[in-house]
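With the hints as extra help, turn the sequences into a complete structure.
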Amino acid sequence: MEISSKENTHFFSNNTISPVDRSSFKSGSSASKEKQSCCGGIKIFLGALSFVYFAKALSGSYLKSTITQIERRFDIPSSLVGVIDGSFEIGNLLIIILVSYFGAKLHRPRIIGAGCLIMSAGTFLIAMPQFFMGRYRYERFPSTINSTVSLSPCLQDKSQTPLSALEKSQAKINAGCEKEAGSSMWIYVFLGNLLRGIGETPIQPLGIAYIDDYAVEENAALYIGCVQTVAIIGPIFGFLLGSLCAKLYVDIGFVDLDSVSISPKDVQWVGAWWLGYLIAGVISILAGIPFWFLPRHLPRPQGRKDSSTSSEHSKFIIEESKDQGTSSWQRARLAEMAKGKALDLFGNPVYILYLCASIIQFNSLIGMVTYKPKYIEQQYGQTSSKTNFVIGLINIPAVAFGIFSGGLIMKRFGVGVVGAAKLSLASSFLGYLLLLSLFAMGCGNSEVAGLTVPYHGAKPMSDHEQALFSECNSGCSCSRNDWDPICGEDGVTYVSPCLAGCRASNGTGKNTVFFNCSCVGASESSQSSSAVVGPCQKGKECPKMFLYFLVVSVITSYTLSVGGTPGYILLLRCITPHLKSFALGIYTLAIRVLAGIPAPVYFGVAIDTTCLKWGSKRCGGRGACRLYDSRALRYVYLGLTLVLGTVSIFFSVAVLWVLRKRSPPQDEILSANGDRGTCGTKSRKDHFINSDQLIQSTYWPEKETRL
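77 is the number of the first residue of the sequence shown in our numbering; add one for each residue after it.
Accuracy of the hints is not assured; some may be wrong.
Below, a list of computed lysine to aspartate or glutamate pairs in the EDC-like style, where the Cα atoms sit at most 16 Å apart [what the hints assert, rightly or not]:
1) K620 to E453
2) K586 to D151
3) K341 to E215
4) K693 to E215
5) K693 to D558
6) K693 to D705
7) K462 to D342
8) K616 to E523
9) K448 to D684
10) K323 to E293
11) K693 to D151
12) K586 to D332
13) K341 to E453
Quick list of simulated restraints, FRET-style, between CB atoms [as the list claims (entries may be wrong)]:
14) I470 to S550: 48 to 56 Å
15) I428 to G117: 51 to 59 Å
16) G301 to H654: 25 to 33 Å
Quick caveat, the hints were computed from the structure, so don't treat them as lab data.
Think of the CB as a built atom: it goes at the ideal place given N, C-alpha and C, for glycine as much as any other residue.
Set out below in structure tokens:
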């Protein structure tokens, strides 16, 4: 699951090299020219960085929108899709140390440009399997072999089928098996997303550090705010692009669309998922071009030269470069200092408790958001296109507004550190309380004969596979592995025309109608029951429940987002200045390793347990799930989210309790912009030095793709 590298900003920015001021005496005109050059250069960099933020946010959110499409196209379970989603975080972790050490010592704009190229290469690689896998094959009854021979779905005697037709069909299956036996094309998607993670790693930390180094001090906050605003817009376009591509058939441009017998409402439908990745890859390339022409250093603004607000680690690196011959005892001393920092940090109960709360909450949010499109599709019978459209146009703006509201409340009411802890706790509590109401806003199972309802006149059976067979289709040569749903005139979905006992068909493709279906029980006196291609619609209450779900989901997204900014500022204020960089690095690493990677996997495993009917691969073996138990899916998906959220709330309560216990009463009313926090006393100067970090923290880690 892709977590924003917002937290990495602080982890990496400490290695920024500040250019040395070599000209102490300049004329007025020279200083004016330098100022104009600085402003012009930083604004060009700002525009380029904003476009890169848009590109990476678009591609990341587009991946989320294609989760179900990838699952169906590669015939893999949800748990494996979770592994693919978590590969982005793995890519980030692979080079996090290299970027941290070498990033500030090299040409930062060009490193960002190289990252964009790697990111685009990974995006293109994700789309490549589409051009090597052949055409998409879905399970459908061949209504006609040719214009003169018609097949009966219920093959009472296989001699009814022309021998040549059977031989040709078997030959095609065998050929397909030979091609598929040695291929696992989803690995290319995994590797492509891994490359995306590698390419994205240097963009945010080096970009923000570059702005911080060369922007006029009073403009730095505005520039960073502009970049983060564009980052919120990216996911909106990503999900809208996913909505557009999901409407198009996967093999558009390669097959005759009139011959396609499934619609976007069918669970076997796969949209043109690959097309969006090609578009996102091109955008990433364009976004990286300007960085190859930007200078390594810009003239430093007059007000920032020899400023005491320079990064503490920037000064450290410069001093380190002056003394390359560090002796062994000095290195040992540095190691002891690092060990002392670790002991001091992990001895801070507020930091440890907040870290635990964040890890568990991000597990909840990442898992929920990764499979939210799948949940909407399966629970409410919506198409992938409509699902992505709703998430992109309604949920993400609500999250952006919530982030803004949280920062506004902090500033408007002068909320102190204890107040920030209370606001964060209240936001989480109300958000998960609203989420609890979604248990009552679900749809019942689709009526599928033999799976969710018994055949007409048959007794219910606990074994789903055996329940597919009944007296009404006992004379047919049917396979339990097929998934070719048809809708009977009795309003019940049947797994295949054969299992419905249909003995005749008329028409081709989407217009095929089946007749004389012995299992379709419209009425006792019905002698000629019919069915049409495709599953029946869900119950009449589903559209209404879907509207209720949307309303509660938007309010929940907003409520949870309000607490993001206060919570992150609470983290920053409860760490002493000399531990801040180390603490944020540990925080970033813990979130990625303990939440970003595992959450999509175990959420996927849990969702797989609710499957009622698995698809079958052409060469045997279990494919993607075709039908879920709606009630079990609702309890597993929402229940796992709520359990994790509840545990995180308990940790948040512990954070508040420790804060109130350690701080005097008067500290609770201190402003978040005051001289000291509740976790320690520090001077206004120290607080001012870290003001840029507080400004950056108002953007809670890419939560626009979380809800």
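Cross-check of the supplied hints:
1. K620 to E453: The hint holds at about 15 Å.
2. K586 to D151: With Cα atoms ~23 Å apart, K586 and D151 exceed 16 Å; violated.
3. K341 to E215: holds (15 Å)
4. K693 to E215: holds (10 Å)
5. K693 to D558: holds (10 Å)
6. K693 to D705: violated (21 Å)
7. K462 to D342: holds (13 Å)
8. K616 to E523: holds (13 Å)
9. K448 to D684: Between K448 and D684 the Cα gap is close to 14 Å, so the pair holds against 16 Å.
10. K323 to E293: violated (48 Å)
11. K693 to D151: holds (7 Å)
12. K586 to D332: holds (13 Å)
13. K341 to E453: holds (9 Å)
14. I470 to S550: 48 to 56 Å: 49 Å Cβ-Cβ, so the 48 to 56 Å window holds.
15. I428 to G117: 51 to 59 Å: violated (43 Å)
16. G301 to H654: 25 to 33 Å: For G301 and H654 the Cβ distance comes to about 27 Å; the hint holds.
In this structure, the earlier hints numbered 2, 6, 10 and 15 are contradicted, and the remaining ones agree with it.
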